[in-house]
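Start from the sequences and build out the full structure, keeping to the hints where you can.
Using this note's numbering, the letters of the sequence shown map in sequence onto residues 106 to 496.
By construction, these hints were calculated from the structure, which means they are not laboratory data. All C-beta atoms, glycine included, are put in the ideal place defined by N, C-alpha and C. Hints may be right or wrong, so weigh each one.
Have a look at the derived ranges for each label pair, beta carbon to beta carbon [said to hold, decoys possible]: (1) Lys159 to Lys455: 47 to 57 Å; (2) Ser349 to Lys479: 38 to 48 Å; (3) Leu453 to Lys255: 26 to 36 Å; (4) Thr181 to Gln352: 44 to 54 Å; (5) Leu221 to Pro123: 26 to 36 Å; (6) Ile165 to Pro123: 18 to 28 Å; (7) Gln293 to Pro172: 47 to 57 Å; (8) Ser422 to Val271: 46 to 56 Å; (9) Lys479 to Phe374: 29 to 39 Å; (10) Glu456 to Ala203: 37 to 47 Å; (11) Lys255 to Ser431: 17 to 27 Å; (12) Gly118 to Lys235: 15 to 25 Å; (13) Ser127 to Glu448: 38 to 48 Å; (14) Gln293 to Lys234: 43 to 53 Å.
Taking lysine-lysine pairs in the DSS-like style, the calculated list, with each CA pair at most 25 Å apart, reads [stated by the list, open to error]: (15) Lys493 to Lys176; (16) Lys305 to Lys455; (17) Lys234 to Lys246; (18) Lys370 to Lys350; (19) Lys156 to Lys234; (20) Lys151 to Lys134; (21) Lys235 to Lys248; (22) Lys305 to Lys445; (23) Lys370 to Lys294; (24) Lys361 to Lys470; (25) Lys376 to Lys300; (26) Lys470 to Lys255; (27) Lys248 to Lys470; (28) Lys160 to Lys350; (29) Lys248 to Lys490; (30) Lys177 to Lys246.
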Amino acid sequence: MHIVLFTHPTFLGSQSMPRFASMLSNGMKGRGHTVEVWAPEPLFYKLPIYKSLKKWMGYIDQYMVFPAQVKKRLLTYADDTLFVFADQALGPWIPLVADRPHVIHAHDLLAQRSALGEIPENPTSATGKKYQDYIRKGYSKGKYFISVSKKTQQDLHAMLGREPEVSEVVYNGLNQGFRPQNVVEARQKISSELKVNVTKGYLLHVGGNQWYKNREGVIQAYNAWRSETTTPLQLLMIGPSPSSKLQGRCDTSPYKDDIMLLSGKNDEFVKSAYCGASLFLFPSLAEGFGWPIAEAMASGCPVITTEEAPMTEVGGSAAYYVRRKSFEENWHEWSNDVAKVIESILDLPKETRERVIEAGIDNAKRFDTEESLKQIEAVYAQVLKSTKKLA
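See the structure below:
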């Protein structure tokens, strides 16, 4: 196959999507296919203008300049070229190749659902609603989709108002070598780097500042647990620099000296942090997939997450679940409920904890990169075959 992969421009600063696009590109090349990567270049974006206007200059590059360039390029491409979109959020470009063989990878529809008022925790501005409608009109022209979870597939069908000609689910594959390490050595390594003694263990959270990650809820649950436990441990939160709201939540915690908001940590630090953690706390309000759940399990760390899809798809029977905090609910009751689950895991007998860890490791084996690529390749081939018959 000759594949043209559309992906987000690098100047947007995304982290997860470039990794996914790289996995697709390298994976398909490794399987003998040729791959070109197409993305907008920062032409207007790099002009020396006010920072507040940068976003709009980026939109010109993405939705005016780039489509014109694509139309010109398409004139020289064979009919059997497969055009792949690394994310459904690239929807405005999809009509350019809607009548050619194409596949659209769908990750999550949270922004789309928010724009329709379905998620009260994330209200959308008037311009945001128009932008999401623009994206939806674009990917609605698509016919062939791969979703990262059954939940994403369900949301996709609801947004389209139909079931596409091809709609498959392929779970993400872990692609950074997450595996158990010696717990004592991992904790010593983390202690040495942080210059704080965490050799007795710690609670861990890994995630960004997006509203659905519920990082404030992590601190609230930690506060509730610390107020009752007799064996206090620190809380490590790894992610980007904290939002002002999260920092404020930390600063007002009675246990702020034991809460570490860690940013700028490399992959090796994160891997060791997973391996040394006493448990991984991930009470997300929503996800497209939920990478950290699988990463923690693969690293030998017990996981607490939310009892809703797709977290339940990823955690399977190996995770501990807590209910989703409702929009109207105050923090008190929810935090106390989570605190009880935290304490129950930390109180597990050694043999039981080992069984929990083994179950998590076995569960994480479902998310194998090579198997994911094999399934994706099969869908690509299916689409090419079916479009040839229609030609």
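Now the hints, each set against the structure:
The hinted range of 47 to 57 Å is satisfied by Lys159 and Lys455, whose Cβ atoms lie roughly 54 Å apart. Between Ser349 and Lys479 the CB atoms are about 44 Å apart, so this pair conforms to the stated range of 38 to 48 Å. In this structure the supplied range 26 to 36 Å holds for Leu453 paired with Lys255, their Cβ-Cβ distance being about 30 Å. For the hinted restraint 44 to 54 Å between Thr181 and Gln352, the CB-CB distance of approximately 52 Å keeps it satisfied.
The hint said 26 to 36 Å for the Cβ distance between Leu221 and Pro123, and at roughly 28 Å that hint holds. Separated by about 22 Å at the C-beta atoms, Ile165 and Pro123 satisfy the suggested range of 18 to 28 Å. For Gln293 paired with Pro172, a C-beta distance near 53 Å keeps the hint of 47 to 57 Å intact. The hinted window of 46 to 56 Å between Ser422 and Val271 is violated, with their beta carbons roughly 30 Å apart.
A beta carbon spacing of about 31 Å between Lys479 and Phe374 agrees with the range 29 to 39 Å that was offered as a hint. Checked against the given bound of 37 to 47 Å, the beta carbons of Glu456 and Ala203, roughly 57 Å apart, lie outside it. In this structure, Lys255 and Ser431 meet the distance hint of 17 to 27 Å, their C-beta atoms being roughly 23 Å apart. Remark: the range hint 15 to 25 Å for Gly118 to Lys235 is upheld by a beta-carbon distance near 23 Å.
In this structure the hint that Ser127 and Glu448 lie 38 to 48 Å apart at CB holds, the actual value being about 40 Å. Gln293 and Lys234 have their C-beta atoms about 50 Å apart, which keeps the hinted 43 to 53 Å range intact. A C-alpha spacing of about 22 Å is found between Lys493 and Lys176, which places the hinted pair at or below 25 Å, so the restraint holds. Taking the CA atoms of Lys305 and Lys455, the gap is near 15 Å; set against the 25 Å cutoff, the hint holds.
Between Lys234 and Lys246 the CA atoms are separated by roughly 19 Å; this keeps the pair inside 25 Å, and the hint holds. For the given pair, Lys370 sits about 21 Å from Lys350 by alpha-carbon distance, which is consistent with the 25 Å threshold. For the given pair, Lys156 sits about 23 Å from Lys234 by alpha-carbon distance, which is consistent with the 25 Å threshold. Using a Cα cut-off of 25 Å, the hinted pair Lys151 and Lys134 is violated, with the two alpha carbons roughly 31 Å apart.
Proposed proximity of Lys235 and Lys248 is supported: the alpha carbons are some 23 Å apart, at most 25 Å. Taking the CA atoms of Lys305 and Lys445, the gap is about 20 Å. The hint holds against a cut of 25 Å. Between Lys370 and Lys294 the alpha-carbon distance is near 13 Å, which keeps this suggested pair within the 25 Å criterion. Under the criterion of a C-alpha separation no larger than 25 Å, the hint pairing Lys361 with Lys470 is inconsistent with the structure, at around 36 Å.
Distance hint between Lys376 and Lys300 is fulfilled; the C-alpha atoms sit about 18 Å from each other, no more than 25 Å. As the CA atoms of Lys470 and Lys255 are separated by approximately 18 Å, the hinted pair is consistent with the 25 Å bound. As the CA atoms of Lys248 and Lys470 are separated by approximately 31 Å, the hinted pair breaks the 25 Å bound. With a C-alpha separation of about 23 Å, the suggested pairing of Lys160 with Lys350 holds against the 25 Å cut-off.
Note on Lys248 and Lys490: the hinted pairing holds, with a Cα-Cα distance of about 14 Å set against a maximum of 25 Å. With a CA separation close to 20 Å, the supplied pair Lys177 and Lys246 stays within the 25 Å bound.
Hints 8, 10, 20, 24 and 27 from the list above are not met by this structure, while the remaining hints are.
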